[in-house]
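Please take these sequences and the hints and turn them into a complete structure.
The chain contents come next:
Number of protein chains: 2
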Amino acid sequence: MKIIESPQEMQRQVEAWRLDGKTIGFVPTMGALHQGHLELVRRTRKENSIVVTSIFVNPTQFRPGEDYEKYPRVFERDCALLQSNNCDVAFAPTKDAMYPAGATTFVEVGVLGETLEGEIRPGHFRGVATIVAKLFNLVRAHRAYFGEKDFQQLKVIEAMTRDLNFEIEIVPCPTIRESDGLALSSRNAYLSSQEREAAPAIFRALSAAQKLATRGESNVEILRDAMHEILANEPRLQPEYSVVVNAQTLEPIEKLTHKKPARALIAARAGSTRLIDNAALELTSF
Amino acid sequence: MKIIESPQEMQRQVEAWRLDGKTIGFVPTMGALHQGHLELVRRTRKENSIVVTSIFVNPTQFRPGEDYEKYPRVFERDCALLQSNNCDVAFAPTKDAMYPAGATTFVEVGVLGETLEGEIRPGHFRGVATIVAKLFNLVRAHRAYFGEKDFQQLKVIEAMTRDLNFEIEIVPCPTIRESDGLALSSRNAYLSSQEREAAPAIFRALSAAQKLATRGESNVEILRDAMHEILANEPRLQPEYSVVVNAQTLEPIEKLTHKKPARALIAARAGSTRLIDNAALELTSF
Chain A
1 MKIIESPQEM QRQVEAWRLD GKTIGFVPTM GALHQGHLEL VRRTRKENSI VVTSIFVNPT
61 QFRPGEDYEK YPRVFERDCA LLQSNNCDVA FAPTKDAMYP AGATTFVEVG VLGETLEGEI
121 RPGHFRGVAT IVAKLFNLVR AHRAYFGEKD FQQLKVIEAM TRDLNFEIEI VPCPTIRESD
181 GLALSSRNAY LSSQEREAAP AIFRALSAAQ KLATRGESNV EILRDAMHEI LANEPRLQPE
241 YSVVVNAQTL EPIEKLTHKK PARALIAARA GSTRLIDNAA LELTSF
Chain B
1 MKIIESPQEM QRQVEAWRLD GKTIGFVPTM GALHQGHLEL VRRTRKENSI VVTSIFVNPT
61 QFRPGEDYEK YPRVFERDCA LLQSNNCDVA FAPTKDAMYP AGATTFVEVG VLGETLEGEI
121 RPGHFRGVAT IVAKLFNLVR AHRAYFGEKD FQQLKVIEAM TRDLNFEIEI VPCPTIRESD
181 GLALSSRNAY LSSQEREAAP AIFRALSAAQ KLATRGESNV EILRDAMHEI LANEPRLQPE
241 YSVVVNAQTL EPIEKLTHKK PARALIAARA GSTRLIDNAA LELTSF
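These protein sequences, in sequence, are chains A and B. Heads up: the first sequence begins at 1 in my numbering, then just goes up one per residue. Heads up: the second sequence begins at 1 in my numbering, then just goes up one per residue.
Incorrect hints may appear among the rest.
Stated by the list, open to error - A few chain B residues facing chain A, derived, Cβ under 10 Å: (1) G110; (2) V111; (3) E254.
These are calculated hints, taken from the structure and not from any lab test. Virtual Cβ for every residue (Gly too), placed ideally from N, Cα, C.
Written out as structure tokens, the structure is:
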């Protein structure tokens, strides 16, 4: 596996591959790789001739006081994991190479980035959209792979890709979970054992809403109540939101229908760690 | 010459050319082509194997009450001019194809877009940066050609290209002028004969500042006074700004130096028509 640090070298390498007729698959990450990331890498490996994974802790998507400084950085370990999953290139630019002094341009995604996570973390999706636009221009891939665990991020990136006419296919990939349902996340490393014990309540709440929908319950208030109750029974979690929204627009809905896909999303704190998760709601009627 | 309306077809066509090893030169325009545009096309023709000119009156860079509706649209004439200048493709997408319902993403360029034109036309450069980012993704050219007449626009696009890592060379091209110095602009068509007579005072003011600099005058106040005086002597023009700025940052300066390029910029109204122009200031010392 090749490690590329220079944005210009990355661009040149991709251009050479493209001229050579190769298809390029791209997995953007902030490192601290877990099986969720590696599953993206393995899928990318299957569907493309070249696999590029970026490792870059993006400062512009963190707010002051968030965990940018303490975000886990384990570059050597990440590279070993990528290598053993047959990644071709780890693209690991420096902060200064990505944001040189004087850089002022940002990509704003509008309403999709202002709700839910965007309300709690203003500017977060501006940072996400900007770094992903930059990475798309550096790693001119044919396909980019994103986990559904960060569902709003996925929607923001889909919108940005469509609105700015990036010629790349966004491939959403299912969330990978621990056996008790906790969604894999680099931030799980922050959890104390007490917090780790409490965390799966989020998945249980989502599953409860999912089960109600499967049984034909279309009234979103009932689904929300079911989620709230489960979360309320876990005092070691402080819920920030637990909502049911239109899966495309992320706008709140009151009724599930067969036509418009819906999604349940939860954010909760366990101590000082924020956890997010989500699930598709599919209404079954009899 | 081929006329392409579909963004997807444009993208496919360029990809085919790139795989074929062609170099692509791009001239983005809003149509109503004049010799300034055609000079860009001719230069693009010389420096690239394929020439693409886009014709799209971009709604997002006009403010309510500006001239979006009445902006001259002469598509057949434009195509004839492009054809006779050996352009390969006129890319003319519809407004709905470029901004389908639900599009929410914008490119914000920051401070560079907030001064001068950006102060008078808030949101203008947001619209410019967004459409150019979109066009860069649709017409994946190796080089894009912009006239220096819209100097701030050129700087905004250079910043956007650099900050978002677009792999394209921005080629600035000198302003083309009438024999009396008036910079060519599609908006000159709006001028009454009285206004047309008054308009070259802008060029005379810029030339006066230029001449002072050439003679060694580094005091910007003196250069500004010279411009003001000439503009004040033309009552048919209403000046909006006439400034001397750092040519990279567009920040006001007080002294010309040999190290940092400076630029004089003027905006003035002739009746209801806004005219802008600018000139490089080169300090000569003895």
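Supplied contact hint for B:E254, tested at 10 Å Cβ to chain A: Not OK, violated: B:E254 not within 10 Å of chain A, min 21 Å.
Chain A contact restraint on B:V111 - CB to CB distance below 10 Å: Result: holds, 6 Å to nearest chain A Cβ.
When the least beta-carbon distance from B:G110 to chain A is tested against 10 Å, hint result: Cβ of B:G110 sits 3 Å from chain A, so the hint holds.
Checked against the numbered hints listed earlier, the structure breaks hint 3 alone; every other hint is satisfied.
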